[in-house]
Amino acid sequence: MKDFKHIGTNTDKIDALSLATGQSMFVDDISFSNMLQLKFLYSPYAHAIIEDIDTTLAEKYPGVEMALTYKNTSRVIHTTAGQGWPEPSPYDTYMFNRKMRYIGDRVAAVAAETEEIAREALKLIKVQYKVLPAVLDMENAMKDGAPIIHDEPEIKGAYDPQRNLAAHILVKVGDVEKGFAESDVVVEDTFEVPYAQHCPIEPHVTITYLDEYGRIVIRTSTQVPFHVRRIVAQVLDIPVQKIRVIKPRIGGGFGVKQEIILEDVCAYITMKTGKPTRALYTREEEFISSRTRHQMKVNVKIGAKKDGTFNAVRMHALSNTGAYGTHALTVASNVGSKTLPLYNKAPNVEYIADVVYTNLPIAGAYRGYGATQGYACLEQVVDEVAHKLKLTPLEIRKKNHIKSGETSPIFKALGEGREGVTQYIQSCALDELIEKGAKEIGWFEKYGKKTRNGSKVRGIGMSIHMQGSGIPLVDMGAATLKMNEDASFNLMYGGTDIGTGLDTIAAQIVAETLGIKPEQVIVYAADTDLTPFDVGAYASSGTFISGGAVLRAAMKIREQILNVAEEMFGEHDERDFVLEDGKVTSKKTGKSVTLSEIAYQTLYIKKQHQIAATGSMVSPYSPPPFAAHFVEIEVDEETGIITPIKYVTAVDCGTPLNPELVRGQIIGALVNGLSYALSEEYKFADSGRMVGSNFMEYRISSTRDIPEIVPIIVKTYEPAGPYGAKSVAEININGPIPAIGNALYDALGVRVHKVPYTPERVLEAIRSKK
Amino acid sequence: MLKLKNVKSCFTPNSIQEAIDILKKSDGKAALVGGGLDITVFPNPIIEQFIFLDKLGLTYIREDDENIKIGATSTITDIAKAPAMQNYLKGNVKIALTELASELLRNQITIGGSIARHHFYSDIIPALYALRAKIMVSDGELIEGFFVDDFYRNDLKALMETCIVVGVHLNKYDDSFQFGSKRFVRNATDIALLNVAMLAQIEEGVIKDVSISVGSRPGPAYRFEQGETFLRGEKLTKVLTEDFELFTKSNVDVAKDMRLSKEYRQHIASIYAKEILLDFMGGVR
Amino acid sequence: MKVCYSINGKKKEFEIEAGEVLLDVLRRNGYFEVKGNCYMGTCGACTVLIDGLPYTSCTMLAAKVDGSEITTIKGIGTLQNPHPLQKAFVEKGAVQCGFCTPGTILVAYALLKNNPDPSDDDIKKMLDGNLCRCTGYVQQIEAVKLAAKMLKKGDE
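Chains as they are written, first to last, in my numbering: chain C, 1 to 770; chain W, 1001 to 1285; chain H, 2001 to 2156.
Worth double-checking, as some hints may not be accurate.
As the list claims (entries may be wrong) - Below 25 Å or equal to it, Euclidean Cα-Cα: the simulated DSS-like pairs (lysine-lysine) are:
#1 C:K456 with C:K5
#2 C:K399 with C:K456
#3 W:K1008 with H:K2002
#4 C:K754 with W:K1262
#5 W:K1008 with H:K2012
#6 C:K60 with W:K1003
#7 H:K2011 with W:K1055
#8 H:K2087 with W:K1081
#9 W:K1256 with C:K683
#10 W:K1081 with H:K2145
#11 W:K1055 with C:K770
#12 H:K2087 with C:K5
#13 C:K60 with C:K5
#14 C:K456 with W:K1238
#15 H:K2113 with W:K1003
#16 W:K1262 with C:K683
#17 C:K123 with W:K1055
#18 H:K2012 with W:K1055
Calculated directly from the structure, the hints in this document are not laboratory data. Note that this is a predicted model, so its numbers are computed, not measured.
Taking the hints into account, I'd like the entire structure generated from these sequences.
Listed below in structure tokens is the structure:
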């Protein structure tokens, strides 16, 4: 691996100063004088049919432009999931449904001159509901006689809606029953993870308007501009050509913006009225009416030989996808596909998932995307196997985890709505991650010691993880580069930087490839008119796919530059040329020409042409990043309060293209995972309404909640990735639940089976043990 | 988002009398505004007027030999920074106050606002109960001091239509007195779900006098008189702390809601009661 | 009703509703650098300095602060001439999506004015009302410490 100039450096995030000085524009930082404000009326019932709805009075209210209901809007059934086409999620919703399937479902909307007028007008809408019995517990969804939530005949792609099954997965490798019978020990356990929300500090917000040609421009806080364009076109039944989607700066996504939520409604109003339209979710709407994590109950059973080798692994997931099935199948697929291959030594593996509809808020994509829920259980059962065999958590994992050069049948067996793609691991530093992490946390000094201070006991726990880098043979991104006189380059690419720093990585890749500085790259991204396609920011695909496309485009540019240099030097072997420090130099003759001179030559002087290229990236590879998490906690036996003391995460993301940005992804994901493990939870009233839909009640971490955090980056080189990079965006959110669960066991010998590990639950577990 | 649509006018009176005059004429439709946090987060649609208290000179923390006097519009941050509070009861009162909520909110929450609205912000009122604070109330002419429980025994709504809380007086205590408080939160910047505050006079190992308050959100804080009776006159020993833990568990009155069960609140209140006593003993476990 | 604020040093008059909060007045008048949305004082993205102290502008009645000096993030530094805090946040990777950044930097600014040499705990306590879902806070705290060093060295 040669020394890189820009790859692997802490290049300042190119938009950071603009953000830090308040210059950057987010969606809502523009305003039109005649802009309409959109407000929604929500269902007060978890399950009800709108028998009739009358918006006459609302429409007459002064200042109201338009009222929308199922009666006067699109009747195109679709999914709101921001996924590639054909979307592997059921088509089970309309813009406005006639049947209300959760408290938070949309009954109607009003577009008016001000938000206040819209709110007042909503009160004048008369609705007659026929209330139906509701399914408010995922365990009841498939029972005989359960109310059928999706009984619409037009539904497409749901597995068995009559039984409220949005999706069902069954994958078998070998014979697990035989495997268990052959094993020396068999351990089984179940863990439940709750509804949770991403809580991006900027909620969903969309502004639409018509441009001078009557095309609809959608300026929206999204992770998936191209999917927005396609799905809005589908829903409004207009050509894709009529729509432009722009993604300005985004205030956080984490998966909740991998969805089409406000865009189609705003676009429709703009289309009908000709006026700009704005919709901004309040924090309450963000909690109730956007998307959440899938609540799940995961059961894992492992059969192992005396020496610790896994012989059979079965995982069963019951997943609650809420009222509509967006991401139902794919999240459930990832519960198994991003976890089971990690322990590829077991010849017998079975994965079963039931994804049910309930009359509760809609679950969607959320960082981790099923792996979080899978690891919550798997990594604790692995520890339980170790304890039964009197091996340490380190030993059992070292014995079973996947290594470089290896594969797992699960890669092919579990795709995302289609067959998966076999992967061979080409970079994996798990052993080193485990070793370094264990050393940093003080594993050998602290594990099993149960150090006590009054009623407070210390414990250490660990967990290991893999994820993926993009969806193989599905995710595609593209980038276009063009050269300017001063050797600056315009990079237009579809990559969707939602705050992660992808634009900076892209600039670094161009700079490295062309021998220039990142500051010379002018990045413009995620505009469906001006940039080429990209699936968007999800599946940890940014660096690997979007960055990969940028690299391909840059390599083509490099080629073009060297060709011109050949001509200008009169030499014919560009293998003698070095592209570095803003110039091309011939090693053979010493001749040199600056990139700027090449630009002027090609733009103005001879054989004029625009040096420009487009590169696309789709890959049969989805090389997993790996992580090893270690946590030291203190738990108070009397109160059940868990306090994390130190958290170490050792990560292999291939080449860290920008270590500071990588650190940011590691720590951000992990702190999110921490509050998911300890304090985040949706609570519901008996009616099915979410209670406490605000930050006072839904507790996410603040500066005062974080322990000492030590991220350790271990470099590997992934041949399939741009400059050896894989990904790092999601993986670290998966660690805290199992690592803390294992640490709790180390301290007190108890496990809590329902996340979050609130003091009440911990105390109950302690009492049950006694 | 305009939540307070019906507010038509704002007044910034220069004297307490002026403030009360406006209040009395307002027919219950005026709101006194200290920090304004409460009124914006939990807006009341009947409010049509604001009476801003910023010019009444009630932002002060002064001390004399007997008291620390805190003006009603002093914020939590003001109180935490005040020289008088740094060593008051070994600084434990200051610490109790600065744990709550977040810095941004501590800059805005006023002590008068917290008292006058009988807040479920459990953190402040239990401390005031335990400290036997006197709530100073003015009707424009006279200022009367109420102990916290007497204050809340009034028909608070009626009282607040003709009077203003102008301050709080904290007694100064000699070295035989100790203060302790503990709070249960879901994470650091939460508003406490349950807290216990205790002031005890211990001489020669005997609890000569004690006042205890328990706050259990969403219920208002109250004085745990049964606990006070239990402890008064007892020798402070480890056994006593354990007995008191059991007594508290069975006798403390706590609200319950979806945030936290009654049983756990009783349990944690009892643990905190014990721990505060152990702290008084010098942290001997 | 009319109020007058001095925003980032410039005195201006504004027409407001009596019951409005400062956040809405600011954004309606083009101060888009003030973010926010929760309207409960719980996320901190709407933080501004009022007479030098940080408050959540979504819970501050616009009428109450008539006559005050208000500082937004644009008042402490610009792209051409950033404040050391802004430079430090960039350098330490403390800016990801940037939505919480203006509020957080303003709080840090107020902190460093009163406490030029804060400990990690001081910083954590002061920034505890500024929620961030992207960074996990570690780099923000490092940035504040770096800025403190930069300010001490007189790097203005």
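Against the structure, the hints come out as follows:
1. Restraint check for C:K456 and C:K5: not satisfied, since their Cα atoms lie roughly 50 Å apart, outside the 25 Å limit.
2. For the proposed pair C:K399 and C:K456, the alpha carbon gap of about 33 Å is over 25 Å, so the pair is violated.
3. Taking the CA atoms of W:K1008 and H:K2002, the gap is about 13 Å. The hint holds against a cut of 25 Å.
4. A C-alpha spacing of about 20 Å is found between C:K754 and W:K1262, which places the hinted pair at or below 25 Å, so the restraint holds.
5. Restraint check for W:K1008 and H:K2012: the C-alpha separation of about 22 Å stays at or below 25 Å, so the hint holds.
6. Simply put, C:K60 and W:K1003 have alpha-carbon atoms about 23 Å apart, close enough for the 25 Å limit, and the pair holds.
7. A C-alpha spacing of about 22 Å is found between H:K2011 and W:K1055, which places the hinted pair at or below 25 Å, so the restraint holds.
8. Simply put, H:K2087 and W:K1081 have alpha-carbon atoms about 30 Å apart, too far for the 25 Å limit, and the pair is violated.
9. For the suggested pair W:K1256 and C:K683, the alpha carbons sit about 15 Å apart, so the restraint of at most 25 Å is met.
10. A distance of roughly 22 Å separates the Cα atoms of W:K1081 and H:K2145; the hinted pair therefore holds under the 25 Å criterion.
11. Of the pairs offered as hints, the one joining W:K1055 and C:K770 is violated, with about 61 Å between alpha carbons and a cut-off of 25 Å exceeded.
12. A distance of roughly 23 Å separates the Cα atoms of H:K2087 and C:K5; the hinted pair therefore holds under the 25 Å criterion.
13. A C-alpha spacing of about 65 Å is found between C:K60 and C:K5, which places the hinted pair above 25 Å, so the restraint is violated.
14. A threshold of 25 Å between alpha carbons decides the hint, and for C:K456 with W:K1238 the separation of about 18 Å falls inside it, so the pair holds.
15. Among the hinted pairs, H:K2113 with W:K1003 is inconsistent with the structure: their alpha-carbon atoms are about 34 Å apart, more than 25 Å.
16. Simply put, W:K1262 and C:K683 have alpha-carbon atoms about 17 Å apart, close enough for the 25 Å limit, and the pair holds.
17. For a cut-off of 25 Å, the pair hint linking C:K123 to W:K1055 is broken: about 40 Å separates their Cα positions.
18. Taken as a hint, the H:K2012 and W:K1055 pair is honoured in the structure, with Cα atoms around 22 Å apart against an allowance of 25 Å.
The structure fails hints 1, 2, 8, 11, 13, 15, 17 (numbered hints given earlier, in ascending order).
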